[in-house]
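Hey, can you work out the whole structure from these sequences and the hints?
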Amino acid sequence: MVKYLQTRLDASFAALADATRRGVLEQLGRSDATITDLAEKFHMTLAGMMKHVGVLEEAELVATEKVGRVRTCKLGAHRLEEETAWLESHRQLWDSRFEELDKVVEQLKRKEKIHGRKNRE
Amino acid sequence: MDARTESEPTPAKNRATVERKSERELVVTRTINGPARLVFEAWTKPELFKQWWVPKSFPMSLLSCEMDVRVGGKYHLVFGQGGAKAFEVYGKYIEVTPHSRLVWTNEEGDEGGAVTTATFEEKAGKTLLVLHDLYPSKEALDGAIASGATGGLPEQLEELDAFIAAQRAS
Numbered sequence: 000m001v002k003y004l005q006t007r008l009d010a011s012f013a014a015l016a017d018a019t020r021r022g023v024l025e026q027l028g029r030s031d032a033t034i035t036d037l038a039e040k041f042h043m044t045l046a047g048m049m050k051h052v053g054v055l056e057e058a059e060l061v062a063t064e065k066v067g068r069v070r071t072c073k074l075g076a077h078r079l080e081e082e083t084a085w086l087e088s089h090r091q092l093w094d095s096r097f098e099e100l101d102k103v104v105e106q107l108k109r110k111e112k113i114h115g116r117k118n119r120e
Numbered sequence: 000m001d002a003r004t005e006s007e008p009t010p011a012k013n014r015a016t017v018e019r020k021s022e023r024e025l026v027v028t029r030t031i032n033g034p035a036r037l038v039f040e041a042w043t044k045p046e047l048f049k050q051w052w053v054p055k056s057f058p059m060s061l062l063s064c065e066m067d068v069r070v071g072g073k074y075h076l077v078f079g080q081g082g083a084k085a086f087e088v089y090g091k092y093i094e095v096t097p098h099s100r101l102v103w104t105n106e107e108g109d110e111g112g113a114v115t116t117a118t119f120e121e122k123a124g125k126t127l128l129v130l131h132d133l134y135p136s137k138e139a140l141d142g143a144i145a146s147g148a149t150g151g152l153p154e155q156l157e158e159l160d161a162f163i164a165a166q167r168a169s
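Heads up: the sequence lines are chains A and B, in that order. Read in order, the letters of the first sequence correspond to residues 0 to 120 in numbering that gives the first Met the number 0. Read in order, the letters of the second sequence correspond to residues 0 to 169 in numbering that gives the first Met the number 0.
Think of the hints as simulated: they come from the structure by calculation, not from any bench. Hints are not guaranteed to be accurate.
Unchecked claim - Listed below are several chain A residues computed to face chain B (Cβ distance under 10 Å; list not exhaustive):
| # | residue |
| --- | --- |
| 1 | 49 |
| 2 | 85 |
| 3 | 96 |
| 4 | 99 |
| 5 | 103 |
| 6 | 107 |
To be verified - Below are the DSS-like pairs computed for lysine-lysine, each with C-alpha atoms no more than 27 Å apart in a straight line:
| # | chain 1 | residue 1 | chain 2 | residue 2 |
| --- | --- | --- | --- | --- |
| 7 | B | 125 | A | 102 |
| 8 | B | 44 | B | 55 |
| 9 | B | 55 | A | 110 |
| 10 | B | 122 | A | 102 |
| 11 | B | 122 | A | 112 |
| 12 | A | 110 | B | 122 |
| 13 | B | 44 | A | 102 |
| 14 | B | 122 | A | 108 |
| 15 | A | 108 | B | 49 |
| 16 | B | 55 | A | 102 |
| 17 | A | 102 | B | 49 |
| 18 | A | 108 | B | 84 |
| 19 | B | 125 | A | 108 |
As the list claims (entries may be wrong) - From the derived model, a few chain A residues whose C-beta atoms are all more than 10 Å from chain B:
| # | residue |
| --- | --- |
| 20 | 16 |
| 21 | 43 |
| 22 | 54 |
| 23 | 66 |
Cβ coordinates follow ideal geometry from the N, Cα and C atoms, glycine included.
Written out as structure tokens, the structure is:
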């Protein structure tokens, strides 16, 4: 997990190291925008802007959606927080499940003690 | 029966751990106080499996549970809520090594679900259980997380989350 988080954080920092990309995030914080909008606003070629958006997308800071021929960009979900909460609820499910499994195994142990161990296979 | 009155020694707080090991992998671990052969038995005999897979405190039950635990054999679990069928999960076993290793597919997803590897490692009468889910893609695991699907209990379980949260708070 630590290593995985590190990789993600590295991707975020790399994405944020560029002034244009920080500007794009700021812009998207105000409203969603198409790649064309962003390219114009930052005086860049379409291809150049696509590259920046690609890096932001990789770091999950930005999400894009293509409708017809237009690609719209918006801020990415705060994936890490969501994920942490999910992992915790997943863990709680397994905790409860394993508590029941403990009981089943306890029963089996008791049964074996009473009947003596039979040879299996 | 045993006449002794003292209770079983209380084990140290035994918590499951859950880790996302990589973009496509999720790992759950827990030590069970019993030999691997019994833990394996509890995992592979439907009448035993039914007793623990859906914890009693949960607002749902296992309506049916078919397991043909051999390589290529299928499993099919049907869950109910209030007596009605709520959802089902199914797949097949692709590796069965008694008392040590079990690998199965989870086929309920649209685009192929995770492959789960369970290993049972015995040490001094206890069993370290490791459950490893390998998803077909990063998107598949992200999707499972986003949908709230958890531990083989897919979707619609926000209700369940709320239920657990309420239980823990009380």
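Violations among the numbered hints: 1, 18
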